[in-house]
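Peer 1: Sequence:
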Amino acid sequence: MKKVIDKTVDLDLVGVNGNAFMIMGVFQRQAKREGWSQQEIDAVLKEAKSGDYDHLLATIENHCEPKDDSYDH
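Just so you know, we're using the numbering used here here: the sequence shown kicks off at 15 and counts up by one.
Treat the hints as calculated values from the structure; they're not laboratory data.
Some hints here could point you the wrong way.
As the list claims (entries may be wrong) - Taking lysine-lysine and the DSSO-like style, the derived pairs with C-alpha atoms no more than 27 Å apart in a straight line are:
id, residue 1, residue 2
1, K17, K81
2, K81, K63
3, K63, K21
4, K81, K21
5, K21, K60
6, K17, K60
7, K60, K46
8, K63, K46
Working from the sequences, and respecting the hints, build out all of it.
Peer 2: Structure, rendered in structure tokens:
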């Protein structure tokens, strides 16, 4: 699956509640923290919601790339 936009957020979805709204919310908050525009976030979420749950998960995961140093804060 191709990316809607060529960006990723530093986010690991492992351990996130599997509820679709929770996944989208966690993604949206992290994207905002990392300076994404609302249009970029909306584009990813629109694509994520255009299919079934598996499509939603795959779309969000495709825009997440956890960094190794995320626990060094």
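Peer 1: Okay, which hints does this one fail, numbers in order?
Peer 2: none
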